[in-house]
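Position chain Y relative to chain C; hints supplied.
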Amino acid sequence: MSERYSFSLTTFSPSGKLVQIEYALAAVAVGAPSVGIKATNGVVLATEKKQKSILYDEHSIHKIEPVTKGIGMVYSGMGPDFRVLTQRARKLASQYNMTYQEQIPVDQLVQKVANVMQEFTQSGGVRPFGVSLLLAGWNADEEKPYLYQCDPSGAHFAWKATAMGRNHVNGKTFLEKRYSDTLELEDAVHTAILTLKESFEGQMTEDNIEIGICDSTGFRRLTPSEIKDYLASVS
Amino acid sequence: MSILSYNGAAIMAMKGKNCVAIAADRRFGIQAQTVSMDFDKVFEMGPNLFIGLPGLATDVQTVLARLKFRLNMYELRENRRIKPKTFMSMVSNLLYERRFGPYFVEPVIAGLDPKSGEPYIASMDLIGCPMETNDFVVSGTCSEQMYGMCESLWEPDLAPDDLFETISQALMNAFDRDAVSGWGAVVYIIEKDKVTKRMLKTRQD
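Chains C and Y, in that order, give the protein sequences.
Counting from 1, position 42 in the first sequence corresponds to residue 42 in my numbering; the numbering is continuous, with no gaps.
Counting from 1, position 102 in the second sequence corresponds to residue 102 in my numbering; the numbering is continuous, with no gaps.
The shape of chain C in the complex, shown without the other chains (with noise of 0.2 Å):
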């Protein structure tokens, strides 16, 4: 079959840099823009869903999944390396809950993420995965959202706010204006719609954004019509 390498393919560069993650970051930053925003009593995750013609059957495919009962994940950058974390962080997820029979916490959860992402970073024959993800969850037992990032180097981090993706500049410095430590849920998702609309080329519809909420109930993915109940109160 096809020759095995045994070597990273992640290799340093005389300027102390990996350069294959230098692009994976790359690879993101033109991938479709995706906001979070951590509320008072939720986290809300939005992302734009564009498709390349309106042939495509667009709510067969999703880029918001939910992980757990109470947390879900949204990504920018390449869709098919999303659908392999998804999968593994599912399982991840459910083998704590089989050894504890008890719901992961967000943040566990990140960090089992965060290392799958960082061994593609250092084993034989593999490349870095080029998306950066969000997951949004409620911890039950503080009783508080938390909303963290994960990089395609396996670093991650907690966020108030934040964007990603395609103009994710303009987005975070659009959220440093307008995020606020009393902000709730609901404002929350106004706040998303707008940072989003900030990049976004033509007319927002509810077919081409995806929403996800996520509070002390767990997490869902918001319906197109609820979508279209926020986007008219937006316009």
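There could be a bad hint or two in this list.
[What the hints assert, rightly or not] Each pair of labels, with its calculated beta carbon distance range:
| hint | chain 1 | residue 1 | chain 2 | residue 2 | range |
| --- | --- | --- | --- | --- | --- |
| 1 | C | 169 | Y | 100 | 53 to 59 Å |
| 2 | Y | 77 | C | 57 | 38 to 44 Å |
| 3 | Y | 97 | C | 124 | 29 to 35 Å |
Because the hints were derived from the structure by calculation, they are not lab data.
Here the structure is a predicted model, which means the values were calculated and not measured.
For glycine and all other residues, C-beta sits at the position ideal for the given N, C-alpha and C.
What follows is chain Y alone, placed relative to chain C:
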């Protein structure tokens, strides 16, 4: 000769009002020969979480070590104290991993929830089948005698001092009717802000 009665042990745990008690005998014997009277079978796994391990003594020591390892990793990773119910699942998982070559221990768990202080007791068989109750749990070579004593002496919502008397009488009179357990006893009363350890003066036979 049954493996679970090779060394002999008697352990029980009871729920009280905002407290739990766990008590065990102190005999370490090899069949009929008593070797020592200060063998610990109840171990502290957290400020308000205790596990009692009756059964084959070598497995008591190994399960304790392996469990402590898993618990330490958990607390380091998650940066929080484990809940008694989660701990029970961890023990169950550890035992079931050896489903077809089990550890010969049948643990008893007693503790208070780190946040709410709610009492929790549970026991399980040697392959990890858990049993959570609201009154008492027993395990060991004289479990039938212990069940009889607990069933007659236990009542709900006992204060810490009354719980101590109840569990002491239940344990002592049960293991006095068993040849391979006894030779001293230790009782832990676990309350939200303190744990009291008392040794019982018992028949040394």
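A quick look at each hint next to the structure:
1. C:169 / Y:100: 53 to 59 Å: Once the Cβ atoms are compared, 58 Å apart, the range 53 to 59 Å for residue 100 (chain Y) and residue 169 (chain C) holds.
2. Y:77 / C:57: 38 to 44 Å: 42 Å, holds
3. Y:97 / C:124: 29 to 35 Å: Roughly 30 Å apart at Cβ, these two residues keep to the hinted range, so it holds.
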